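Here are the chains, one letter per residue:
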Amino acid sequence: MQFNKNGYTKTQRQQWMGILAGSLTKNLENAWQKMPEKPEYMHLHKPETGSIMVRGRAGGTGNRFNFGEVTATRCTIQIKNGHVGSAYVLGLDHRHAELAAIFDALLQDPLHNSEISNSVVSRLKDSYDRHKEEIAKKSAATKVDFFTMVRGE
Amino acid sequence: MLPSIDLNKLTPGFSDSVQDSQQAFRAVLDAMAHPGRIGIIDNFFLPPTPLNLASAAICLALLDFETTFWTEDLKPKTTGTGWLRFHCGCSVIQNPLEADFALITSPDIMPALNEFNIGNDENPEFSTTLIIQAGRLSSTKGKRLTGPGIETFSTFNAQGLTNRFWQDRQSQSAIFPLGVDIIFTCENRLAALPRTTKVEG
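So the protein sequences, as listed, match chains A and B. Residue numbering for the first sequence follows the working numbering, beginning at 1 and increasing consecutively. Residue numbering for the second sequence follows the working numbering, beginning at 1001 and increasing consecutively.
I should point out that these hints are in silico values taken from the structure, not numbers from a laboratory. Among these hints, one or two may not hold up.
Said to hold, decoys possible - Here's a subset of chain B near chain A, in silico, CB distances under 10 Å, partners left out:
{"id": "1", "residue": "1007"}
{"id": "2", "residue": "1012"}
{"id": "3", "residue": "1062"}
To be verified - The list that follows gives simulated cross-link-like pairs (lysine to any residue, SDA-like), each with its CA atoms no further than 25 Å apart:
{"id": "4", "chain 1": "A", "residue 1": "125", "chain 2": "A", "residue 2": "114"}
{"id": "5", "chain 1": "A", "residue 1": "46", "chain 2": "B", "residue 2": "1049"}
{"id": "6", "chain 1": "A", "residue 1": "34", "chain 2": "A", "residue 2": "81"}
{"id": "7", "chain 1": "A", "residue 1": "138", "chain 2": "B", "residue 2": "1155"}
{"id": "8", "chain 1": "A", "residue 1": "38", "chain 2": "B", "residue 2": "1188"}
{"id": "9", "chain 1": "A", "residue 1": "34", "chain 2": "A", "residue 2": "110"}
{"id": "10", "chain 1": "A", "residue 1": "26", "chain 2": "B", "residue 2": "1010"}
{"id": "11", "chain 1": "B", "residue 1": "1141", "chain 2": "B", "residue 2": "1173"}
{"id": "12", "chain 1": "A", "residue 1": "46", "chain 2": "B", "residue 2": "1173"}
{"id": "13", "chain 1": "B", "residue 1": "1009", "chain 2": "A", "residue 2": "139"}
{"id": "14", "chain 1": "A", "residue 1": "46", "chain 2": "B", "residue 2": "1047"}
{"id": "15", "chain 1": "A", "residue 1": "46", "chain 2": "B", "residue 2": "1011"}
{"id": "16", "chain 1": "A", "residue 1": "46", "chain 2": "B", "residue 2": "1079"}
{"id": "17", "chain 1": "A", "residue 1": "125", "chain 2": "A", "residue 2": "93"}
{"id": "18", "chain 1": "A", "residue 1": "34", "chain 2": "A", "residue 2": "121"}
{"id": "19", "chain 1": "A", "residue 1": "125", "chain 2": "A", "residue 2": "92"}
{"id": "20", "chain 1": "A", "residue 1": "38", "chain 2": "B", "residue 2": "1004"}
{"id": "21", "chain 1": "A", "residue 1": "46", "chain 2": "B", "residue 2": "1067"}
{"id": "22", "chain 1": "A", "residue 1": "46", "chain 2": "A", "residue 2": "95"}
{"id": "23", "chain 1": "A", "residue 1": "38", "chain 2": "B", "residue 2": "1042"}
{"id": "24", "chain 1": "A", "residue 1": "46", "chain 2": "B", "residue 2": "1004"}
{"id": "25", "chain 1": "A", "residue 1": "46", "chain 2": "B", "residue 2": "1141"}
{"id": "26", "chain 1": "A", "residue 1": "80", "chain 2": "B", "residue 2": "1065"}
{"id": "27", "chain 1": "A", "residue 1": "46", "chain 2": "B", "residue 2": "1025"}
{"id": "28", "chain 1": "A", "residue 1": "80", "chain 2": "B", "residue 2": "1015"}
{"id": "29", "chain 1": "A", "residue 1": "26", "chain 2": "A", "residue 2": "88"}
{"id": "30", "chain 1": "A", "residue 1": "26", "chain 2": "A", "residue 2": "58"}
{"id": "31", "chain 1": "A", "residue 1": "46", "chain 2": "B", "residue 2": "1196"}
{"id": "32", "chain 1": "A", "residue 1": "38", "chain 2": "B", "residue 2": "1025"}
{"id": "33", "chain 1": "B", "residue 1": "1009", "chain 2": "B", "residue 2": "1065"}
{"id": "34", "chain 1": "B", "residue 1": "1009", "chain 2": "A", "residue 2": "26"}
{"id": "35", "chain 1": "A", "residue 1": "80", "chain 2": "B", "residue 2": "1067"}
{"id": "36", "chain 1": "A", "residue 1": "46", "chain 2": "B", "residue 2": "1042"}
{"id": "37", "chain 1": "B", "residue 1": "1141", "chain 2": "B", "residue 2": "1106"}
{"id": "38", "chain 1": "B", "residue 1": "1009", "chain 2": "A", "residue 2": "111"}
{"id": "39", "chain 1": "A", "residue 1": "137", "chain 2": "A", "residue 2": "91"}
{"id": "40", "chain 1": "A", "residue 1": "46", "chain 2": "B", "residue 2": "1106"}
Nothing here was measured: the structure is a model prediction, and the numbers come from that model. From the three backbone atoms N, C-alpha and C, an ideal C-beta is built for every residue, glycine too.
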């Protein structure tokens, strides 16, 4: 991970937040249980579930349209040294949102960053990538190309 | 675009958001139903400066992403405003005329009541609800209140209010049913002065 003047670049935090949100709760829980010194934390927002409108663009370039609502759970926590972590995860799992927020806070802390990046995020990333690849393969098999046949005038 | 909220300075709000906001809502309801009666917000958390506990609890219970909020001396970046934006998701606006809720922390220099939204004839309920932080609330001496919710009369005063405020309030009776509703707060106490109440003295 690289530092910039303000801490971390936006994309780096986005990256690890994405991996944390996309990982399985049991994997996050394992990583948390394995931590030798667990930081104290408090909730700024307890985990709460709501829905988010997902929007899409036809073909990735068309006008934006409402695709549908997804259930999401969010959580914001603060660890003892002041760093604040947030998580928005799909689904109803409160523990998932909580753990993802804790790791987000730890990753923003230069003291813990490299340790958590190596021991937690890199491992989660492997299974996350495998999972994504699997989904991509499955959906690629169902891809349909639409085209219009021009009838002779 | 509003500046981003400084997350590191935030403190938690209600410990149990469902129960606590229902209790705060009940306290506001009781206060509005009995103008001038002093009620208590029975809750404990650390409100951000310059909010007192009652104002903070009322805001947590009543503000959300659909309400607009105005306040006189909190810049969008200060702790109090950031705290409200984080916990309630409300939009902080610059023009009191567009505010659903307004918080006044220095009643001696507050704008005139007609600078807030008084509602319109079709929708008088669109008016601004004012939350005014006072140095002290008194129900033993002060103005004489009569009207709906008061059996004979009740007495009420809040420290820090100017004569101009009471004159403004007096002239609002002419535009009824338009006008603003007011909640006074001090530490964990609150009292309400809805637009239906007549003020004398």
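To see whether the hints hold, each was checked on the structure:
With 10 Å as the threshold, the beta carbon of residue 1007/B comes within range of chain A, its nearest partner Cβ sitting at about 4 Å, so the hint holds. Proximity of residue 1012/B to chain A holds as hinted, the smallest CB-CB distance being about 6 Å (cut-off 10 Å). For residue 1062/B, the shortest C-beta to C-beta distance to chain A is roughly 18 Å, which exceeds 10 Å, and the interface hint is violated. Between residue 125/A and residue 114/A the alpha-carbon distance is near 15 Å, which keeps this suggested pair within the 25 Å criterion.
Note on residue 46/A and residue 1049/B: the hinted pairing holds, with a Cα-Cα distance of about 22 Å set against a maximum of 25 Å. Restraint check for residue 34/A and residue 81/A: the C-alpha separation of about 21 Å stays at or below 25 Å, so the hint holds. Proposed proximity of residue 138/A and residue 1155/B is contradicted: the alpha carbons are some 73 Å apart, above 25 Å. Of the pairs offered as hints, the one joining residue 38/A and residue 1188/B is violated, with about 36 Å between alpha carbons and a cut-off of 25 Å exceeded.
Restraint check for residue 34/A and residue 110/A: the C-alpha separation of about 20 Å stays at or below 25 Å, so the hint holds. Distance restraint check for residue 26/A and residue 1010/B: the Cα-Cα separation of roughly 30 Å exceeds the 25 Å cut-off, and the hinted pair is therefore not satisfied. A C-alpha spacing of about 22 Å is found between residue 1141/B and residue 1173/B, which places the hinted pair at or below 25 Å, so the restraint holds. Only pairs whose Cα atoms come within 25 Å are accepted, and residue 46/A paired with residue 1173/B is rejected, the gap being roughly 44 Å.
Annotation: proposed proximity of residue 1009/B to residue 139/A is violated, straight-line Cα distance about 44 Å (limit 25 Å). For the suggested pair residue 46/A and residue 1047/B, the alpha carbons sit about 17 Å apart, so the restraint of at most 25 Å is met. Straight-line distance between C-alpha atoms of residue 46/A and residue 1011/B comes to about 12 Å, which keeps the hinted pair within the 25 Å bound. Distance check on the hinted pair: residue 46/A and residue 1079/B sit about 20 Å apart at the alpha-carbon level, within 25 Å; holds.
A distance of roughly 20 Å separates the Cα atoms of residue 125/A and residue 93/A; the hinted pair therefore holds under the 25 Å criterion. For the hint linking residue 34/A to residue 121/A, the alpha-carbon distance of about 13 Å falls within 25 Å, and the restraint holds. Simply put, residue 125/A and residue 92/A have alpha-carbon atoms about 22 Å apart, close enough for the 25 Å limit, and the pair holds. Of the supplied pair hints, the one linking residue 38/A and residue 1004/B is violated, its CA atoms being roughly 29 Å apart against a limit of 25 Å.
Among the hinted pairs, residue 46/A with residue 1067/B is consistent with the structure: their alpha-carbon atoms are about 22 Å apart, no more than 25 Å. A hinted pair counts as satisfied when its Cα atoms are at most 25 Å apart, and residue 46/A with residue 95/A qualifies at roughly 10 Å. Of the pairs offered as hints, the one joining residue 38/A and residue 1042/B is violated, with about 34 Å between alpha carbons and a cut-off of 25 Å exceeded. Taking the CA atoms of residue 46/A and residue 1004/B, the gap is about 21 Å. The hint holds against a cut of 25 Å.
Using a Cα cut-off of 25 Å, the hinted pair residue 46/A and residue 1141/B is violated, with the two alpha carbons roughly 43 Å apart. This hinted pair does not check out: residue 80/A and residue 1065/B have alpha carbons roughly 29 Å apart, beyond 25 Å. The straight-line distance between the Cα atoms of residue 46/A and residue 1025/B is roughly 20 Å, inside the 25 Å bound, and the hint therefore holds. Using a Cα cut-off of 25 Å, the hinted pair residue 80/A and residue 1015/B holds, with the two alpha carbons roughly 18 Å apart.
Distance hint between residue 26/A and residue 88/A is fulfilled; the C-alpha atoms sit about 17 Å from each other, no more than 25 Å. Between residue 26/A and residue 58/A the CA atoms are separated by roughly 35 Å; this puts the pair beyond 25 Å, and the hint is violated. Taking the CA atoms of residue 46/A and residue 1196/B, the gap is near 39 Å; set against the 25 Å cutoff, the hint is violated. A hinted pair counts as satisfied when its Cα atoms are at most 25 Å apart, and residue 38/A with residue 1025/B does not qualify at roughly 38 Å.
Distance restraint check for residue 1009/B and residue 1065/B: the Cα-Cα separation of roughly 21 Å lies within the 25 Å cut-off, and the hinted pair is therefore satisfied. Among the hinted pairs, residue 1009/B with residue 26/A is inconsistent with the structure: their alpha-carbon atoms are about 32 Å apart, more than 25 Å. With a C-alpha separation of about 33 Å, the suggested pair residue 80/A and residue 1067/B falls outside the 25 Å cut-off, and the hint is violated. Of the pairs offered as hints, the one joining residue 46/A and residue 1042/B holds, with about 21 Å between alpha carbons and a cut-off of 25 Å not exceeded.
For a cut-off of 25 Å, the pair hint linking residue 1141/B to residue 1106/B stands: about 22 Å separates their Cα positions. For the given pair, residue 1009/B sits about 20 Å from residue 111/A by alpha-carbon distance, which is consistent with the 25 Å threshold. Only pairs whose Cα atoms come within 25 Å are accepted, and residue 137/A paired with residue 91/A is accepted, the gap being roughly 23 Å. Taking the CA atoms of residue 46/A and residue 1106/B, the gap is near 33 Å; set against the 25 Å cutoff, the hint is violated.
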